[in-house]
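Protein chains in written order, with the numbering used here: chain A, 1 to 298; chain B, 1 to 244.
Heads up, some of the hints might be wrong.
Derived pair list, reagent style DSBU-like, types lysine-lysine, alpha-carbon separation capped at 35 Å [stated by the list, open to error]: (1) A/Lys-195 / A/Lys-217; (2) B/Lys-186 / A/Lys-254; (3) B/Lys-139 / A/Lys-254; (4) A/Lys-10 / A/Lys-254; (5) A/Lys-12 / B/Lys-186; (6) B/Lys-24 / A/Lys-133; (7) B/Lys-108 / B/Lys-52.
From the structure, some residues in chain B lie toward chain A, with a derived Cβ separation under 7 Å [unchecked claim]: (8) Ser-72; (9) Gly-74; (10) Ser-132; (11) Thr-232.
Honestly, the hints are just simulated from the structure, not real lab data.
Each residue gets a CB set at the ideal place from its N, CA and C atoms; glycine is no exception.
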Amino acid sequence: MCGIVGLFLKDKSLEPQLGAMLSEMLVLLTDRGPDSAGIAIYGSSAAGHGKITIQSPSPDVDFTGLDSEVSREIGAPVAMTVKSTHAVLELPADKLELARDAIATLRPDARIMGVGESIEIYKEVGLPEEVAKRFDLSAMSGSHGIGHTRMATESAVTTMGAHPFSTGPDQCLVHNGSLSNHNNVRRELRRAGMKFETENDTEVAAAYLSHQIATGKGLGEALESSLNDLDGFFTFVVGTKNGFGVVRDPIACKPAVMAETDQYVAFGSEYRALANLPGVEQARVWEPEPSTVYFWEH
Amino acid sequence: MATSNLAKAVTPEDHGARIFDLSKTTLRELNQALHEVTEGSNLRSWEILNPKGSHAVAVGVDTPVQIDVRGSVGYYCAGMNQNSTITVHGSAGPGVAENMMSGTVVVKGDASQYAGATGRGGLLVIEGNASSRCGISMKGIDIVVRGNVGHMSAFMAQSGNLVILGNAGDALGDSIYEARLFVRGKVKSLGADCIEKEMRPEHIAILQGLLDRAGITDVKPEEFKRYGSARTLYNFNIDNADAY
Chain A
1 MCGIVGLFLK
11 DKSLEPQLGA
21 MLSEMLVLLT
31 DRGPDSAGIA
41 IYGSSAAGHG
51 KITIQSPSPD
61 VDFTGLDSEV
71 SREIGAPVAM
81 TVKSTHAVLE
91 LPADKLELAR
101 DAIATLRPDA
111 RIMGVGESIE
121 IYKEVGLPEE
131 VAKRFDLSAM
141 SGSHGIGHTR
151 MATESAVTTM
161 GAHPFSTGPD
171 QCLVHNGSLS
181 NHNNVRRELR
191 RAGMKFETEN
201 DTEVAAAYLS
211 HQIATGKGLG
221 EALESSLNDL
231 DGFFTFVVGT
241 KNGFGVVRDP
251 IACKPAVMAE
261 TDQYVAFGSE
271 YRALANLPGV
281 EQARVWEPEP
291 STVYFWEH
Chain B
1 MATSNLAKAV
11 TPEDHGARIF
21 DLSKTTLREL
31 NQALHEVTEG
41 SNLRSWEILN
51 PKGSHAVAVG
61 VDTPVQIDVR
71 GSVGYYCAGM
81 NQNSTITVHG
91 SAGPGVAENM
101 MSGTVVVKGD
111 ASQYAGATGR
121 GGLLVIEGNA
131 SSRCGISMKG
141 IDIVVRGNVG
151 HMSAFMAQSG
161 NLVILGNAGD
171 ALGDSIYEAR
181 LFVRGKVKSL
191 GADCIEKEMR
201 PEHIAILQGL
211 LDRAGITDVK
221 PEEFKRYGSA
231 RTLYNFNIDN
241 ADAY
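For reference, chain A alone in the conformation it holds in the complex:
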């Protein structure tokens, strides 16, 4: 199964509540996937600043002194916020690649969850409620975000197998379904220079879209081409720095419901996830059509 939620705010006054709204939506879908949960939030970004979210199996060891060590390596100030097994490093945007390489050398056991100007990603094994508490997700503000609760089918139940997957700057993807040609697509993308952390099918979809975007396509075009190149069952919800997109495969057996008001666009695998949103009774509620790309941008 798996459960997906997404929220794209049009009304800036709701931004301080984004984390709380998204966490509640995700918890409501707990019984669609109890294996792991994750959330990507697009928060505030100061001009010229970037963020790297990293995860470590031994945060006490890996995060101690990491900010000053990275700062020394890149020759620029680094601010670090630690939340349980994750840490977010903030630094000048033009130093992101340098910092990424430095972290890989300084802390070989730590994993990069996401890199960009505004994206932060938190994911772990466990129920959505536990994961939301562990990272205090309900206190987070932002303009849009995506959450996922996983019932694993194509790869192991691990932190790295949890969604969202991020394979490009400020990009992330969550998936309900299973891809049948992911091994072939992974081989092709490796040949094109993409790197993979897992054997997971969803990571392939994320990398596929990142690769399409890197070749100059917009989010909408990249999603269109996924309909031709990816085989299997999928409902994808994708985040970028400014936007939020949805696409379902032609069979469309993986459920999806959307609601739109003047204040927000919301996505849920089921209506349950949307039932407590403000003004949902008056919202336009619909199911995204199969093989049809939807996206919204700020």
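Fit chain B to the given chain A structure using the hints.
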């Protein structure tokens, strides 16, 4: 079935609808209470509040009661219904009225995929749109959809009637047996072995009866086209061997 002549104890609830608020009562209690209604019971009217997309609301009801659900429901609402009249004053998730045997289910909003799947009898009315696979493998149910239906509707439909006032998506009636499909709008494409058929006077009469039962008075049966099975898939044809 013999009914008792003894006067039944009158409870305060007998005078009005019995109300279940799903924000206060569990779904299991609701469905258990509905299953405990016996034929002679005075509890004829039920109202369900705050469903908020809950699954399996009013599943397996088998006595002639009226149930009004105030809000939208999740998966499998009114599944296996027998005799009762269930109205969803909102939209329904996947599998509404799945395997219905008899009675009436009305969805005031939209219905998600496989509405009325495998239904054997009764009437399902969807006042909004139905999503993909509406009436898949229907076996005697009558389904009336005021809006559109999605792709693969009436897939392997065996008997009963599917009436669509709006448009039908791709592959309508794929591998259909003997169900009748009536479509007022456009059909995006017909599935394998599904063809348009002549609308004869007996079909006009059947369709008029279905529209009457669904309370639809603003359209005429003459506005519809009829589709059904070409019956070429009933027997194995050696010329098709390469297709397998």
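Hints, one by one, checked against the model:
1. Using a Cα cut-off of 35 Å, the hinted pair A/Lys-195 and A/Lys-217 holds, with the two alpha carbons roughly 20 Å apart.
2. This hinted pair checks out: B/Lys-186 and A/Lys-254 have alpha carbons roughly 26 Å apart, not beyond 35 Å.
3. A threshold of 35 Å between alpha carbons decides the hint, and for B/Lys-139 with A/Lys-254 the separation of about 25 Å falls inside it, so the pair holds.
4. In summary, the hint linking A/Lys-10 to A/Lys-254 is supported, as the alpha carbons are separated by about 27 Å, within the 35 Å threshold.
5. For the hint pairing A/Lys-12 with B/Lys-186, the CA-to-CA distance comes to about 42 Å; that exceeds 35 Å, so the pair is violated.
6. Between B/Lys-24 and A/Lys-133 the CA atoms are separated by roughly 25 Å; this keeps the pair inside 35 Å, and the hint holds.
7. For the hint pairing B/Lys-108 with B/Lys-52, the CA-to-CA distance comes to about 15 Å; that is within 35 Å, so the pair holds.
8. Restraint check, B/Ser-72 versus chain A: the minimum CB separation of about 5 Å is within 7 Å; hint holds.
9. Checking B/Gly-74 against chain A by beta carbon gives a least distance of about 6 Å; that is within 7 Å, so the hint holds.
10. The closest approach between the C-beta of B/Ser-132 and any C-beta of chain A is roughly 6 Å, which is under the 7 Å cut-off, so the hint is satisfied.
11. The criterion of a C-beta within 7 Å of any C-beta in chain A is not met by B/Thr-232, whose closest approach is roughly 25 Å, and the hint is violated.
Hints 5, 11 from the earlier list are contradicted by this structure; the remaining hints agree with it.
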